[in-house]
Amino acid sequence: MKQNYFKRVCSLLWLVLPMLIMPLEVAAQEIIPNEEVLESLTFVAPVEETDAIEAEVEALQEIVATEEIAEQAVRSYTYTVYRDGVKIASGLTEPTFLDEDVPAGEHTYCVEVQYQEGVSDKVCVDVEVKDFKPVTNLTGTASNDEVSLDWDGVEEKAEEPARDKAVSYNVYKNGTLIGNTAETHYVETGVANGTYIYEVEVKYPDGVSPKVAVTVTVTNSSLSNVDGQAPYTLRVEGKKIIAEAHGMITLYDINGRTVAVAPNRLEYMVQTGFYAVRFDVGNKHHVSKIQVR
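The sequence shown maps to residues -27 to -1, 1 to 266 in mature numbering (1 follows the signal peptide of the UniProt record, and there is no 0).
Rather than coming from a laboratory, the hints here were simulated on the basis of the structure. Everything numeric in this text was worked out from a predicted model, so none of it was measured. Check each hint, because a few of them may be wrong.
[What the hints assert, rightly or not] Label-pair distances were calculated between CB atoms; the ranges are: (1) Gly148 to Asp99: 29 to 39 Å; (2) Ala139 to Phe70: 52 to 62 Å; (3) Cys97 to Arg238: 48 to 58 Å; (4) Ile36 to Ser63: 28 to 38 Å; (5) Leu71 to Asp99: 16 to 26 Å; (6) Tyr145 to Gln264: 54 to 64 Å; (7) Gln264 to Glu67: 53 to 63 Å; (8) Lys213 to Asp72: 33 to 43 Å; (9) Arg56 to Val185: 38 to 48 Å; (10) Asp72 to Glu35: 41 to 51 Å; (11) Val92 to Leu71: 20 to 30 Å.
[To be verified] 35 Å max Cα-Cα, derived DSBU-like pairs, lysine-lysine: (12) Lys257 to Lys212; (13) Lys95 to Lys146; (14) Lys103 to Lys212; (15) Lys184 to Lys106.
Note that the Cβ used here is the ideal one computed from N, Cα and C, for glycine as well.
Build out the structure end to end from the sequences listed, making use of the hints.
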């Protein structure tokens, strides 16, 4: 009996042991993968991190695409400008254009946009270019410390109202405005030795003409050239004598009679003829002769 019982137990163990050992081997294989399994392994990031990376990549792609579209839009159209139906500029990339040397009169300007796919309708505007004619035949002569300027004035249009056709003339010396007159003659006295550029422009009610220049050299002045300036200024505007200095100013007629006296500035309307002006500046005095035409 005992031997039979022992044999049965051994037979059962022989059947059970393989069943216990096989799961352990399988578990060991799962814990320690072989080389082929290692090579086939892939590491996966957490879901939240993957979504964030994908969102950032999409955002960058959108930015790049937007910039490309913007650049393409800039390059995709240009402007063409017409004046009186004639093309005068094309391929413009900026919405501005300067048209120079335009004849006086009424002109129609049109602009169209040139796209890659076609052309837009023209947008037009009427522009009036004023005829601001300059003076002609400007001459300048020097006599002692006096410079005399003469020119041919502009003709006024008879059809314009009187208030609109009034013109005057601005006179410049070395770029500085020194006087304005309605006459076509201007005299500056008290000019020191040197070379000067005088310019005259026509002052219209709604604009000015181009300047016309003449160069005048003074060589026989009794005044020393200190920065090209005398200690006084004297000019004629039409029939008006204007004198300025830091001192007393006295105006005399051709016979030596006193006509007017004023400190620092003297303005006086006179008749045609010759006059003398005395300037008492500090402890010195200067006398200048002037002609009014």
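Hint by hint, which ones does this structure get wrong, listed from lowest number up? 2, 6, 9 and 13
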